[in-house]
Amino acid sequence: MNDQQSNGEIRFEEIMLETAWEEVETVFRASGQVAPLPGFTSRFMERLELARQREERLQATALIISNLVIALGFIILISLQFVPSISSGGLLELWVGLITRLVVFVKMVSGVLSTFFRTIPALVPTSWLVSGFTLMGLVVVLWISMVRRHIRVQGARHD
Amino acid sequence: MHSSELEWLNQAQKGDDLAFSRLVEAYQRPVYNLCYRMLGNAGDAEDAAQETFIRAYKAIHRYDISRKFSTWLLSIASNYCIDQHRRRKLPTFSYDEFESPIIEDKGIGMEARMMQDERQAQVSVLLENLSPKDKAAVVMRYWYDYSYDEIAAALSLSVSAVKSRLHRARKELAVEWIETQSEGMVIERKNYERSTV
Numbered sequence: 001m002n003d004q005q006s007n008g009e010i011r012f013e014e015i016m017l018e019t020a021w022e023e024v025e026t027v028f029r030a031s032g033q034v035a036p037l038p039g040f041t042s043r044f045m046e047r048l049e050l051a052r053q054r055e056e057r058l059q060a061t062a063l064i065i066s067n068l069v070i071a072l073g074f075i076i077l078i079s080l081q082f083v084p085s086i087s088s089g090g091l092l093e094l095w096v097g098l099i100t101r102l103v104v105f106v107k108m109v110s111g112v113l114s115t116f117f118r119t120i121p122a123l124v125p126t127s128w129l130v131s132g133f134t135l136m137g138l139v140v141v142l143w144i145s146m147v148r149r150h151i152r153v154q155g156a157r158h159d
Numbered sequence: 160m161h162s163s164e165l166e167w168l169n170q171a172q173k174g175d176d177l178a179f180s181r182l183v184e185a186y187q188r189p190v191y192n193l194c195y196r197m198l199g200n201a202g203d204a205e206d207a208a209q210e211t212f213i214r215a216y217k218a219i220h221r222y223d224i225s226r227k228f229s230t231w232l233l234s235i236a237s238n239y240c241i242d243q244h245r246r247r248k249l250p251t252f253s254y255d256e257f258e259s260p261i262i263e264d265k266g267i268g269m270e271a272r273m274m275q276d277e278r279q280a281q282v283s284v285l286l287e288n289l290s291p292k293d294k295a296a297v298v299m300r301y302w303y304d305y306s307y308d309e310i311a312a313a314l315s316l317s318v319s320a321v322k323s324r325l326h327r328a329r330k331e332l333a334v335e336w337i338e339t340q341s342e343g344m345v346i347e348r349k350n351y352e353r354s355t356v
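Those sequence lines, one after another, are chains A and B. Note that our numbering gives residue 40 to position 40 of the first sequence, counting from 1, and the numbers run on in steps of one. Note that our numbering gives residue 298 to position 139 of the second sequence, counting from 1, and the numbers run on in steps of one.
Read the hints as simulated data drawn from the structure, not as lab findings. Take the hints with a grain of salt, since some may be wrong.
[Stated by the list, open to error] Taking beta-carbon pairs under 10 Å as the criterion, some of the chain B residues facing chain A (in silico):
1. 201
2. 222
3. 225
4. 272
5. 273
6. 274
7. 307
8. 333
9. 337
The model shown is predicted, which means the values in this text are computed figures rather than measured ones. All C-beta atoms in this analysis are idealised placements derived from N, C-alpha and C, irrespective of residue type, glycine included.
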C-alpha cells in the first residue's frame, strides 16, 4: 500500500514537472529573439577601428622597445670591446681607462676627418664636389619629405 | 547558408571589411539574443555581442568554411559570456531593474508590448539560476532549434554531456516555474483577501 502511495506521489511529481516544463517552453518560444539597438553595425565598425588603432599603438611601442633593447645591447657590446678584462680591483681605474680610450678614439676619428676634408679639394675637382653635395642635399630633402608624409598619413589614420 | 553569405565569408576572409559588416548585419540578432539571455541585461549583452564580432573578425581567416557559420559565431559568443561570468560577479537580476530590450515583432500594441515585457522578465528570472553553459545550451536548443550535435560542437562538449545538461536544466527550470507560480498565487490570494476585508 505504501509502495503504491509513494509510486503515485512520484508519478504526480513527474506530471507536475512535465506540465511546468511545457509551460516554460511555451514562455521561451513566445518570448522571441531580442535585438540590439539600431546602428549596431556602425557601432561595431567604430569599435573595430579603435581596436585596430590600439593594436597599431601596441605594435609601435613594441618596435620602439625592441629597438631600444637592441641599441642597448650594441652599446654594451661595443663598450665591452674597450674593456679588456674586468678586474675586481678598481672600478675607478676601469672607468678612467675606458674614458681615456674613448677620448683617444674620438681624437683619432676627428683627425682622420679633418685630414680628409683638407686634402679632398686637391684630389677632386670643385665641380665634382659641388655636384656631389647637391646630390646629397637632394637625397636628404627627399628623405625628409618622405618621413613627413609618412607621419602625416599616420596622424590622419589616428584622427 | 545562402550563396550571398558564402560570398561575404570568402570576401571577409580576404580582408574585405564591407563583406564582414554584412555578416554583422545578418547575425547581430542571434548573437545579441544569446548574449542577452546569458548575461541578463542589455548593456552587457551589447558589449558581449560587439566583442564576439571583433573576435570573429580577428579569427575569420581560421574559420573553416565547411562548418556552419552561425554555430562558429555562437560558440565565440557563448565562450565570451562564460568568461564574463567567471571574471566578474554579475549583478543579480530583479524585475524592477528590468531593462526592456527590442523585441522582434514590430507594430505590436501597448497591451501586447506589456505582455512581451512580462514574458522577457519571466524568462530572465528563470534563466538566472542556471550555470552559464546550461544557459547557452538552453538558448541554442529552444531559441535556435539547434540539434544536440550542433550544441555539442558550439560548446565543446560531448553529445551525451549536452543531453544530460539539458535534462538537468529542464528539471531546474520546471521547479523554478512551479515555485514562482505558487508565490504569485499566494500574493494574489493575499491581495484578494485584503480587498475583500
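Consistency of the hints with the structure:
Look at residue 201 (chain B): its Cβ gets to within about 8 Å of chain A, closer than 10 Å, so that hint holds up. At about 17 Å, the closest approach between the beta carbon of residue 222 (chain B) and any beta carbon in chain A exceeds 10 Å, and the interface hint on this residue is violated. At about 26 Å, the closest approach between the beta carbon of residue 225 (chain B) and any beta carbon in chain A exceeds 10 Å, and the interface hint on this residue is violated. Against a cut-off of 10 Å between C-beta atoms, the interface hint on residue 272 (chain B) is violated, since the closest Cβ of chain A lies about 12 Å away.
Contact between residue 273 (chain B) and chain A, as hinted, is not supported at the beta carbon level, the nearest pair being about 14 Å apart and thus beyond 10 Å. Hint status for residue 274 (chain B) relative to chain A: holds, with the closest Cβ pair at about 9 Å, below 10 Å. With its C-beta approaching chain A no nearer than about 16 Å, residue 307 (chain B) sits outside the 10 Å limit, and its interface hint is violated. At about 4 Å, the closest approach between the beta carbon of residue 333 (chain B) and any beta carbon in chain A falls short of 10 Å, and the interface hint on this residue holds.
Interface restraint check: residue 337 (chain B) against chain A, minimum CB-CB distance 5 Å, threshold 10 Å, status holds.
In terms of the numbered hints stated before, the structure departs from hints 2, 3, 4, 5, 7, listed from lowest to highest.
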